[in-house]
Amino acid sequence: MNLETLREIGRRETERQAGFDTRLFCCTSTACLSNGAGATAEAMRAELAARNGTGRAVEVVGTGCMGLCSRGPLARIDRKDAPSELFHTVTPEVARQIVGHAVDGQPASVADHGLPLDLPFFAQQMPIVLAEVGRIDPNRLEDYIAHGGYAALARALHEMTPEQVCEEILASGLRGRGGAGFPTGTKWHYVRREKADQKYVVVNGDEGDPGAYMDRTVMEDNPHKVLEGMMIAAYAVGARSGFFYVRGEYPTAVQRLRNAIRAARRQGLLGRGILDTEFEFNAEVRIGAGAFVCGEETALIHSIEGQRGTPRMRPPYPSTKGLWGCPTVINNVETMANIPAILTRGAAWYARIGTETSKGTKVFALAGQLTNTGLIEVPMGTTLRQIVNEIGGGVPNGRQFKAAQTGGPSGGCIPEEHLDTPIDYESLTRLGSIMGSGGLVIIDDTTGMPDFARFFIDFCVDESCGKCVPCRAGTVQIRALLDKVLAGRAVAEDLEQLERLCLFVKRASLCGLGMSAPNPVLSTLRYFRDEYEAHLSNGKAEAA
Amino acid sequence: MTREGGHPSGDDRYLIVDRTMKRFRFEKDALLEVLNTAQETFGFLSEDLLVYVASHLNVPLSRVYGVATFYHLFTFTPRGEHNCTVCTGTACHVKGSAAIVESLAAAYAIQPGETTPDGKFSLVTARCLGCCGLAPVIVLDGEVHAKQTPETAAEEVEAALGLVEAQATG
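Protein sequence lines correspond, in order, to chains S and Y.
Here our numbering is used: the first residue of the first sequence is 1, the next is one more, and so on.
Here our numbering is used: the first residue of the second sequence is 545, the next is one more, and so on.
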């Protein structure tokens, strides 16, 4: 494929879409599918077919996540001559009425299902990573191209040297969205400077944090964007081959990524001579098999190589010795999905969004005791209070907000008094939590903190790979101490012992899993020590 | 004795495993992919299957076993006719998934990860299915049921189990 063909595909698809007065979008992402969106989309198509082309020209599009997962299945009507309309809880019955509404303009018998588009939930977001999610059909390459897809790759290949691409990413201030927050441009420079015949790009889609599904959504709902980011990375560092490492629990993401790779290959966007240049690249999907530690980069490499997914000492870092001993760039899905926008709109534009140290936006999976739960993308620097109260709509059922848990089992709990902290990598670390990959679980006063901490430690005990002693044995001992606390058998010294042990595991563990495993305990000890103390054997009366 | 085009073992499911190994040119690195295919095809990894994969990829059985037991998605015993996975991810936990697990475990007298002696029902837990907006969720025979309570989950499972008996008699 050359540039002209790429533009032609985009033009033709835009014209095709313009041929419809009305386009009906139904979310077919995992969350909505779980809520029956398959039947909803089916009903829309059947109803449209039954109307046999009468009325307006309408198309039904199966699309990606529209965000408000708790009220799914969601559907949207986009019209040429009128504002869009959004609907929640779209059962097949409602779907048929919506089709009627779209085709004949029947005044809405579906008004009860309408969702105002200016809800704070939508209005306060800034979609960059999720820009096309919910607007395109993830299984059609043409649709992505019509929305500006692969233009960033074209720009990189035709107008920039690999060094300039790395420089641009560095200037944008983009940092790894997998949790650690390492500057992406710096990582790319390291790999670019390595002299090797073979280099690799790996996209880390092993989103193992319970409570997080940002990466799954991007892979499912806009797979080409991740692929484009990966190709730009490959060009920048000089790699010809790449892997998507995806959780085994995400079959739909695997299937859509494979579709995307097939479509790109058919169009000549993968293979040799991409867009009439010397650039050559091929991508494959590799499926994980349920091991949280495989999100750690050296463990992930072992897993792709068909071994037990245990981490190893760094250095050497994957940028010098990665997959099969070759220099390897490993970036998280969300990081890759930021790349195309940075190249099309420029590093300066990107660097204006966010805070001093953390640029751009962050996608969060909002879950737990909130009125609105779902997927959101907000600029860095947004406060937790804004997310909880305005976007999330506050804690329902008249309960009290207690804490926001970020970063999953590696993160911590942030209490009410720190809700006004603007979110960025540093501020969350200062609060004893981490940015993590973007899980944000809100808990209310019905959840006890020692119990909640035990939940995460239990997770880490299960998921510890067993290679290093501090993590393997330490997490078990932490759990035992927590059990003692919860059983009301602990004394004050046990809490001190617990704290000491947590700090030890944090310092002495081999990889990120062990180093961050005590965070949920430490942060709850820091902010909710009274709850632990209430469980102590001398304070048992209060604990009940 | 072998049927034309069939697998020598008489079990043609092995052909599907063969195809994956061929696609990776029998490279040792493909072990995880091959095990994934094997489990998908057979439902669980039997000892025979592990030996088969080890000999065809030419890797020690100890390594195949080591890799297979490392990852949670692989199982070594057959699952029941009906399967219920209760999500115990963070969002489901704070919305009460532990009570769902307990009540199902008590009702069928099995622990998570076990199957009833008659082979009808397996109960498993999963760490986050990524449907956090719908918490707590259970997956019953591949179908996700959102916003569950111990009561609704018990009803769903009973319905699934009862349905099969109705079909068998009818």
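Just to be clear, a hint being listed does not mean it is correct.
Quick list of simulated restraints, FRET-style, between CB atoms [claimed, not checked]:
1. S:Gly273 <-> Y:Arg567: 21 to 29 Å
2. S:Glu416 <-> Y:Gly640: 19 to 27 Å
3. Y:Asp685 <-> S:Thr446: 29 to 37 Å
Among chain S residues calculated to face chain Y with C-beta under 7 Å, some are [stated by the list, open to error]:
4. Asn35
5. Gly368
6. Thr371
7. Ile443
Result set (DSS-like, lysine-lysine): computed pairs, CA atoms no more than 25 Å apart in a straight line [what the hints assert, rightly or not]:
8. Y:Lys572 <-> S:Lys321
9. S:Lys506 <-> S:Lys484
10. S:Lys321 <-> S:Lys195
11. Y:Lys572 <-> S:Lys467
12. S:Lys321 <-> S:Lys467
FYI, nobody ran anything at the bench for these hints, they're computed from the structure.
A virtual CB, placed ideally from N, CA and C, is assigned to each residue, including glycine.
Which numbered hints are broken by the structure, listed smallest first? 6
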